[in-house]
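Number of protein chains: 4
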Amino acid sequence: MSDFSLHPFAREGADGGDDDRFHEECGVFGVFGAQNAAALTALGLHALQHRGQEAAGICTYDGTQFYTERHVGLVDDNFTKPSVIARLPGDRAIGHNRYSTTGDSGIRNVQPLFAEFAGGGFAVAHNGNLTNALTLQKELQRRGSIFQSTSDTETILHLIATSAKEHLVDRIIDALKRIEGAYSLVCVSEKKLIGCRDPLGIRPLVLGHLDGATVLASETCALDIIGARFLREVEPGEMVVITPDGVESIRPFESQRSRFCIFEYVYFARPDSVHGGTSVYNVRKRIGEELAREMPVDADVVVPVPDSGTPAAIGFAEASGIPFDLGIIRNHYVGRTFIEPSDQIRNMGVKLKHNANRAVIAGKRVVLVDDSIVRGTTSLKIVQMVRDAGASEVHMRIASPPTKDSCFYGVDTPEKGKLLASRMSISEMASYINVDSLAFLSIDGLYRAVGEARRNNDIPQYCDACFTGDYPTVLTDRSGPNNIRQLSLLSDVS
Amino acid sequence: MSDFSLHPFAREGADGGDDDRFHEECGVFGVFGAQNAAALTALGLHALQHRGQEAAGICTYDGTQFYTERHVGLVDDNFTKPSVIARLPGDRAIGHNRYSTTGDSGIRNVQPLFAEFAGGGFAVAHNGNLTNALTLQKELQRRGSIFQSTSDTETILHLIATSAKEHLVDRIIDALKRIEGAYSLVCVSEKKLIGCRDPLGIRPLVLGHLDGATVLASETCALDIIGARFLREVEPGEMVVITPDGVESIRPFESQRSRFCIFEYVYFARPDSVHGGTSVYNVRKRIGEELAREMPVDADVVVPVPDSGTPAAIGFAEASGIPFDLGIIRNHYVGRTFIEPSDQIRNMGVKLKHNANRAVIAGKRVVLVDDSIVRGTTSLKIVQMVRDAGASEVHMRIASPPTKDSCFYGVDTPEKGKLLASRMSISEMASYINVDSLAFLSIDGLYRAVGEARRNNDIPQYCDACFTGDYPTVLTDRSGPNNIRQLSLLSDVS
Amino acid sequence: MSDFSLHPFAREGADGGDDDRFHEECGVFGVFGAQNAAALTALGLHALQHRGQEAAGICTYDGTQFYTERHVGLVDDNFTKPSVIARLPGDRAIGHNRYSTTGDSGIRNVQPLFAEFAGGGFAVAHNGNLTNALTLQKELQRRGSIFQSTSDTETILHLIATSAKEHLVDRIIDALKRIEGAYSLVCVSEKKLIGCRDPLGIRPLVLGHLDGATVLASETCALDIIGARFLREVEPGEMVVITPDGVESIRPFESQRSRFCIFEYVYFARPDSVHGGTSVYNVRKRIGEELAREMPVDADVVVPVPDSGTPAAIGFAEASGIPFDLGIIRNHYVGRTFIEPSDQIRNMGVKLKHNANRAVIAGKRVVLVDDSIVRGTTSLKIVQMVRDAGASEVHMRIASPPTKDSCFYGVDTPEKGKLLASRMSISEMASYINVDSLAFLSIDGLYRAVGEARRNNDIPQYCDACFTGDYPTVLTDRSGPNNIRQLSLLSDVS
Amino acid sequence: MSDFSLHPFAREGADGGDDDRFHEECGVFGVFGAQNAAALTALGLHALQHRGQEAAGICTYDGTQFYTERHVGLVDDNFTKPSVIARLPGDRAIGHNRYSTTGDSGIRNVQPLFAEFAGGGFAVAHNGNLTNALTLQKELQRRGSIFQSTSDTETILHLIATSAKEHLVDRIIDALKRIEGAYSLVCVSEKKLIGCRDPLGIRPLVLGHLDGATVLASETCALDIIGARFLREVEPGEMVVITPDGVESIRPFESQRSRFCIFEYVYFARPDSVHGGTSVYNVRKRIGEELAREMPVDADVVVPVPDSGTPAAIGFAEASGIPFDLGIIRNHYVGRTFIEPSDQIRNMGVKLKHNANRAVIAGKRVVLVDDSIVRGTTSLKIVQMVRDAGASEVHMRIASPPTKDSCFYGVDTPEKGKLLASRMSISEMASYINVDSLAFLSIDGLYRAVGEARRNNDIPQYCDACFTGDYPTVLTDRSGPNNIRQLSLLSDVS
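Protein chains in written order, with my numbering: chain E, 4 to 497; chain Y, 4 to 497; chain A, 4 to 497; chain C, 4 to 497.
I should point out that these hints are in silico values taken from the structure, not numbers from a laboratory. A hint or two may mislead.
Identical copies go unnamed one by one, so any copy, or any two together, can satisfy a pair.
[Stated by the list, open to error] Below, a list of computed lysine-lysine pairs in the DSBU-like style, where the Cα atoms sit at most 35 Å apart: (1) Lys419 x Lys195; (2) Lys168 x Lys194; (3) Lys195 x Lys407; (4) Lys419 x Lys84; (5) Lys384 x Lys421; (6) Lys180 x Lys195; (7) Lys141 x Lys168; (8) Lys141 x Lys384; (9) Lys180 x Lys168; (10) Lys384 x Lys84; (11) Lys421 x Lys84; (12) Lys141 x Lys195; (13) Lys421 x Lys168; (14) Lys194 x Lys84; (15) Lys384 x Lys168; (16) Lys141 x Lys421; (17) Lys180 x Lys141.
Note that the structure is a prediction, hence the values are computed from the model and not measured.
Make a model of the complete structure from these sequences and hints.
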């Protein structure tokens with residue numbers, strides 16, 4: 004889900020070095036038929052914390068009533084108190100992590116969103132982004148619907164509420180047929196837990212099993228933490244309806260080729276997760292191996308930009324035979340609010356998070372391995388830091404192709420004009436970040452790392468729009484005016 | 004406005020001695036055409052704080068955008084910081100005070116409520132209570148409307164949003180024609196400030212003028228604080244539409260006889276306010292005079308139960324010739340959270356707020372004057388305290404008739420069965436609270452104090468349902484089932 | 004107790020109208036031999052809240068260990084939670100209320116202060132102000148004592164800690180003999196509850212009894228709230244040592260004539276308290292009667308400036324035969340943080356707290372009765388407000404002599420130059436505050452009201468330095484340099 | 004510094020897996036002669052955050068006045084706001100990080116501690132622990148000193164305050180000669196910045212230089228972050244006195260052999276720091292190499308327990324030729340307050356922080372490398388997790404000798420009886436944690452890794468008491484009674 008008023012391509016990063024990465028915007032989780040459903044959901048959200056750190060919410064149903072807790076902050080800081088879990092009784096629950104945004108981050112935008120329909124209560128949590136949400140919102144407002152958040156997820160709720168169909172599942176299908184874009188949804192009603200994935204399966208959603216309970220989660224690492232067994236992925240365009248009678252599979256859409264987000268493998272997913280039967284960690288190591296083969300370099304040490312570059316660096320080191328060492332040490336105590344305290348010490352950003360390990364670097368020819376270059380501001384500083392620590396040469400190897408285009412499918416990316424690779428050639432970039440050599444993985448190399456022979460340019464096997472500009476859906480809101488002012492029924496309160 | 008889920012008659016009082024009074028549930032304020040509209044509104048709400056202490060909100064419009072701030076707590080604690088006022092630019096504003104509730108007091112129920120309609124933004128603040136809100140809510144939900152609060156005020160918003168009319172004023176009239184009960188509304192749109200009063204004018208609403216700006220307020224004391232001039236009352240059934248062109252008066256309803264709430268004179272209104280051309284303070288003094296004439300007593304000192312009994316006690320003392328003295332001292336530092344700290348010192352409630360002034364009371368025959376008896380629990384303790392301080396006799400005189408019935412028009416009252424006067428005769432009550440004599444003002448005495456010859460029993464001049472059970476409107480929700488579960492899209496968050 | 008760094012005469016008032024009154028700086032309470040000692044102390048402090056609203060603290064001892072809780076804010080907001088009381092076990096306790104200060108109000112200055120002496124733990128709470136604290140502090144620092152607060156109370160602790168005597172009582176006496184000024188102390192050690200009053204008895208301290216427990220309190224109203232019986236006052240220069248064996252009276256000082264603060268009668272004490280066998284309320288009524296006799300006026304209505312002027316106004320009305328009416332209505336919801344929100348509505352201060360009751364005032368000749376004039380800023384605004392409400396004449400009668408001098412004995416007063424009466428004659432003051440007539444009570448009238456024939460100018464019966472400049476003690480710190488920089492071991496933390 | 008009342012050996016760990024490690028208790032930093040001294044200190048403390056996460060404080064002097072800010076929480080969360088830095092003017096500053104404690108963690112124990120001496124202000128920050136603090140405290144209390152914290156650091160302040168010497172440096176030397184144990188101190192007075200290290204140099208302290216300013220810090224990584232140049236270590240038993248005239252070196256003690264804490268190399272220090280001219284990262288890699296040589300194993304993959312085991316695992320992999328892989332993924336979003344939410348999911352601790360990376364582990368013979376075993380509870384869970392992920396064999400290699408004894412020199416360790424190695428033989432431990440083999444580095448292997456030929460058993464080159472029980476100082480407080488009750492003048496407040 005994303006904010007209308009903070010459309011991803013308009014966001015300016017705020018924190019230390021993180022603003023120079025793409026960011027997954029949400030993680031979702033659901034469980035049906037488990038005592039302690041809320042506690043399991045809290046654990047699942049904890050394991051999915053990398054998909055969104057701004058806020059989290061859980062909604063449960065205990066056979067009589069729905070209960071919701073939504074809090075700004077990390078899962079651990081809010082959902083681990085017994086008092087909070089005790090306020091969330093029931094054997095079914097859904098939960099949601101939301102990515103940190105700098106602007107309109109009011110609690111009203113924290114999910115799950117709940118609505119009381121004429122037929123009963125209903126809650127939804129959403130990972131993804133609709134590309135026609137503004138258009139639909141205007142239409143719904145003309146019809147008399149009142150919006151209370153700036154979230155595209157609420158559009159889905161209103162579409163379900165105003166559907167002419169009688170039964171809930173039909174009303175949801177009605178709504179899904181009107182929305183465009185990327186979505187993995189988990190929903191809970193009085194009778195059902197429901198999971199849906201958009202027809203292209205852009206965002207992930209997996210199905211698991213734990214002692215008679217059924218589990219939905221964005222990634223398999225959320226199954227691992229609760230000891231659940233992985234069953235299968237929810238398929239692109241599939242709706243799974245979970246009741247005490249089991250899991251029913253519904254296919255509201257015509258069959259299409261999957262276009263799973265390839266960047267999940269590059270950066271978003273946790274390395275211990277498995278997507279499409281493939282270990283994310285192994286893909287990243289293979290990326291490093293491909294990179295070493297495609298873009299070799301004569302050097303003394305392979306140094307990862309921690310932590311995201313580490314698996315690719317291990318792969319690069321193994322394939323190249325150059326030793327692997329921790330030449331950059333990461334400080335894990337970087338707070339969320341660090342503001343550079345004065346002019347004199349401006350541009351400290353990267354030093355707050357990383358320090359060069361001089362003993363490993365001094366006098367060495369260093370291969371730096373990072374997952375991607377977004378604006379280039381972080382790379383610039385890291386390279387300088389490595390040079391200041393005495394590296395004789397610095398060669399940068401990037402574990403993905405150049406990122407040239409914005410994502411409209413639930414990923415926080417700068418607008419195209421701010422992406423370094425959309426403004427410069429590779430040699431210009433090398434000069435800008437001041438490296439002795441710079442190389443990116445080829446698009447086909449990336450496809451090889453995920454197990455394909457090469458990219459099928461006619462019908463690509465993955466969504467790789469950020470590398471290719473090849474968007475797999477129409478972008479309705481992008482065609483029309485999208486400056487709709489958004490003021491909610493509920494404004495921020497302290 | 005009132006909560007569905009906390010219908011007034013179901014509320015249990017929580018704090019010290021206050022739970023033994025009726026409570027006005029809201030105050031409203033609006034201003035159009037004034038620089039510093041938000042600051043003026045904050046002052047107006049400060050003057051109306053006695054009408055609601057739980058929360059307050061202000062919504063402004065600056066010609067481009069709406070701004071809303073809503074906070075739990077007193078006006079002074081939230082709306083006096085320059086930073087808050089600075090977040091509320093614009094030359095028109097509405098504001099709202101909400102009464103303290105013990106249960107579902109989430110911020111989503113704090114007013115003003117705002118909605119983005121297809122035709123533009125709109126905010127409303129409401130004093131009163133609808134008697135068919137639940138019935139309308141169910142109907143709206145069947146149509147696809149999603150409610151986010153448990154407030155009847157939101158029902159009004161949805162009725163306006165879904166009206167088939169084109170223009171805002173017509174849509175509001177459409178909505179008003181469907182609601183029943185008591186309401187004084189102030190609304191702000193992109194072009195207008197609007198005030199409405201229900202056809203019977205149960206709750207107050209006055210119109211004032213300040214240096215070219217137009218002001219709406221629940222009471223005249225809110226005009227006084229900003230130096231505004233009182234123009235007139237908004238009349239029962241009248242809608243005033245304020246634009247830069249002036250004040251337009253619209254009358255959507257057939258003319259009816261007014262039924263203003265007589266309890267506003269007895270207790271709710273501030274003594275320095277003027278309603279219907281009559282000073283509240285003077286009515287209360289006349290009540291005391293009537294009471295001294297109707298129910299005289301031979302005694303040494305007239306002692307008010309502070310502060311609400313004071314004007315009537317002054318009137319009683321003047322009419323009876325018995326000296327007036329402060330025989331009970333009130334501690335104004337009673338916090339909102341006082342919990343009796345242990346069994347040993349249980350029932351301290353009244354002592355936290357009041358102490359007998361022994362020097363005035365010891366050895367004296369005391370006339371205690373209070374405004375009303377609700378449950379009787381406070382009277383019981385006050386009488387005991389006065390006896391413990393050495394009073395030789397205690398005579399209680401009540402400045403209103405016995406309160407036998409609940410209010411459904413925006414006043415917080417216990418359910419009928421908990422009202423002492425609905426369960427006991429006057430002599431039983433005298434015995435229960437342990438006084439030497441107990442007397443209430445007669446209903447005709449009360450009408451005389453407000454300037455009538457007597458109550459017109461055919462068409463009463465006021466709403467006096469709490470004394471007579473004579474409700475001036477139908478009570479639709481009371482006829483049907485009203486246990487609709489209420490869970491909002493937005494639950495409480497910390 | 005007072006802050007060194009915020010010596011009373013240097014304090015600038017901050018809040019609405021209150022800055023234009025003198026303020027008592029502290030209230031103290033102690034109990035020995037009662038279950039729920041902490042709960043009783045919380046109630047006692049609640050009843051003494053008028054003596055200090057900034058912060059409060061309680062220290063208990065349970066036979067094994069001392070427990071302390073100190074909080075910024077009102078007693079009710081902090082000491083009424085069962086969890087807080089549960090953290091204060093023991094059958095003996097002392098407590099303290101501290102007056103609101105605008106500057107150095109760190110929690111380290113909140114009392115009681117505790118120290119671990121070689122012989123065991125010891126806590127102290129102090130009402131008053133030492134006039135040689137700075138001088139002693141410098142001497143103690145030279146000896147190696149480390150101060151952690153800016154409170155003169157800590158000086159007492161260090162004097163006890165460094166005394167060469169062996170037994171605690173002797174060490175305390177040793178300390179008392181070195182300090183000057185006004186003090187009423189309550190102390191708790193592992194074996195004893197101790198109360199002390201300075202040789203002149205400037206500040207009050209009373210002794211009470213409750214079911215076998217012994218109680219110390221600043222005023223009798225704190226006995227009333229817990230149902231304790233008043234035994235007697237702790238006498239000037241007396242130390243009472245309370246153990247399970249009873250109350251031992253020690254007199255470390257030569258006998259002197261008492262110089263109790265006469266302003267306690269005028270304003271500080273609660274009207275329901277009794278000092279020196281005399282009801283404060285009755286003194287204030289008699290003040291009004293004296294004033295009516297000394298300074299009569301032909302008028303239509305006597306109006307108190309609420310609430311402190313009310314008893315004197317009742318006395319004035321009774322003695323003069325002019326009717327008493329509430330011509331000014333006080334808003335009791337004035338928050339602690341009200342900031343005037345903009346230039347346009349500057350000088351709203353007095354209107355936030357008071358509104359003229361036009362129905363009582365318009366066209367009338369009004370006698371306004373107030374307790375004192377400090378800076379005159381409030382009087383100015385009140386008079387204007389009464390005139391704006393249509394009064395034909397305004398006559399101000401003040402229930403005390405002109406306040407011309409600062410207090411150095413634990414009362415918050417502006418420096419002398421800011422006291423209106425030190426800068427102007429009475430007729431100049433009348434002109435400044437814009438009244439038709441202004442009159443103060445004479446000093447002998449005040450002495451008559453408290454039961455004396457007149458002031459004994461050789462050896463005055465009371466401390467009346469604020470009216471006469473006749474200070475009953477030396478003022479050591481005032482003679483030397485007193486700009487000692489104060490930085491504590493413990494600075495403010497959030 | 005450590006708490007008296009929470010002596011290290013009595014502490015029970017609270018959080019997830021961290022309670023199963025030793026913890027450094029503090030980090031210190033100081034700077035003299037730099038604009039923005041406070042900002043530089045905040046950065047230095049940020050880089051030293053791994054040495055203490057509970058609280059931090061900074062004290063500055065601007066030529067006129069001292070300023071102190073002390074906050075519970077991380078440096079980044081408190082000391083990065085411009086408003087906080089602005090409250091800390093001056094060109095000299097000291098700062099302190101404090102380790103998280105579970106019990107008496109009141110703000111009064113947060114450093115730096117400040118005292119106003121007769122000769123001027125003085126602040127101190129302390130890393131280490133005195134072994135005779137209780138004994139000295141009792142003596143000082145008998146003399147009349149009042150303690151306000153439970154920190155041994157305050158003892159140093161009182162010793163300085165009560166010294167008979169005249170000049171500050173002499174007073175400090177006087178104090179140092181009376182204390183025993185481990186300490187690295189940084190102090191600031193009105194004229195000087197002073198650093199001291201105990202005669203054995205147990206805790207680290209380094210001297211650096213930045214554009215004319217002089218810097219003191221616990222580790223070199225704190226010099227790196229501000230771009231300061233490393234000059235030298237403060238030597239054991241040395242006091243450096245920094246003034247505008249330069250750095251004066253004073254040696255109050257007779258020369259002794261250094262006994263630097265060898266565990267700083269094993270775990271405490273950051274890998275990018277350099278101690279004694281030796282890179283901590285390189286020592287850890289060499290430890291892994293020694294371990295591979297001393298305790299080889301036939302296996303398929305070397306997996307570090309992240310993050311502390313990683314350098315040793317890289318060294319082990321290089322020396323053994325077995326591939327290195329990230330077989331355990333660490334979740335860096337573990338909050339500080341995670342409480343296991345229910346019985347059903349008890350023992351989740353380790354899973355919150357770590358997940359096995361099945362793709363790397365399944366079917367493999369795994370060598371797990373960790374830095375130490377404390378209680379063994381974490382090892383037990385990690386091994387089980389690795390087995391559950393399908394490892395065919397699990398061999399544990401520990402990068403230090405068995406930890407059999409508590410530390411009394413400023414490190415948070417369980418009491419001896421809770422150390423697994425003090426209760427079990429290695430084979431019992433292997434059986435307890437359920438590994439196929441378990442081996443520790445030998446004590447001589449550890450000495451080789453730090454560059455010695457072997458341990459000199461007569462005069463060991465390092466303090467290795469936690470491995471050998473060979474304490475380099477007397478432990479005075481351990482001989483006598485140490486149950487002194489500690490209640491401070493200042494108790495906790497909310």
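Here is what the structure says about each hint:
1. Lys419 x Lys195: The answer is neither: 41 Å in one copy and 41 Å across copies each exceed 35 Å.
2. Lys168 x Lys194: within (17 Å within a copy, 38 Å between copies)
3. Lys195 x Lys407: neither (42 Å within a copy, 48 Å between copies)
4. Lys419 x Lys84: Intra 42 Å, inter 32 Å, cutoff 35 Å: inter-copy only.
5. Lys384 x Lys421: within (17 Å within a copy, 46 Å between copies)
6. Lys180 x Lys195: Within one copy only: 20 Å inside, 39 Å across.
7. Lys141 x Lys168: both (22 Å within a copy, 18 Å between copies)
8. Lys141 x Lys384: Close neither inside one copy (44 Å) nor across copies (54 Å); limit 35 Å.
9. Lys180 x Lys168: For lysine 180 and lysine 168, the Cα distance is within 35 Å both inside one copy (13 Å) and across copies (30 Å).
10. Lys384 x Lys84: between (40 Å within a copy, 23 Å between copies)
11. Lys421 x Lys84: between (41 Å within a copy, 28 Å between copies)
12. Lys141 x Lys195: both (30 Å within a copy, 23 Å between copies)
13. Lys421 x Lys168: The answer is neither: 45 Å in one copy and 46 Å across copies each exceed 35 Å.
14. Lys194 x Lys84: within (28 Å within a copy, 41 Å between copies)
15. Lys384 x Lys168: Close neither inside one copy (57 Å) nor across copies (52 Å); limit 35 Å.
16. Lys141 x Lys421: This pair counts as within: shortest intra-copy Cα distance 30 Å, inter-copy 50 Å.
17. Lys180 x Lys141: Close inside one copy (17 Å) and across copies (27 Å); limit 35 Å.
Comparing the model with each numbered hint stated earlier shows that hints 1, 3, 8, 13 and 15 do not hold.
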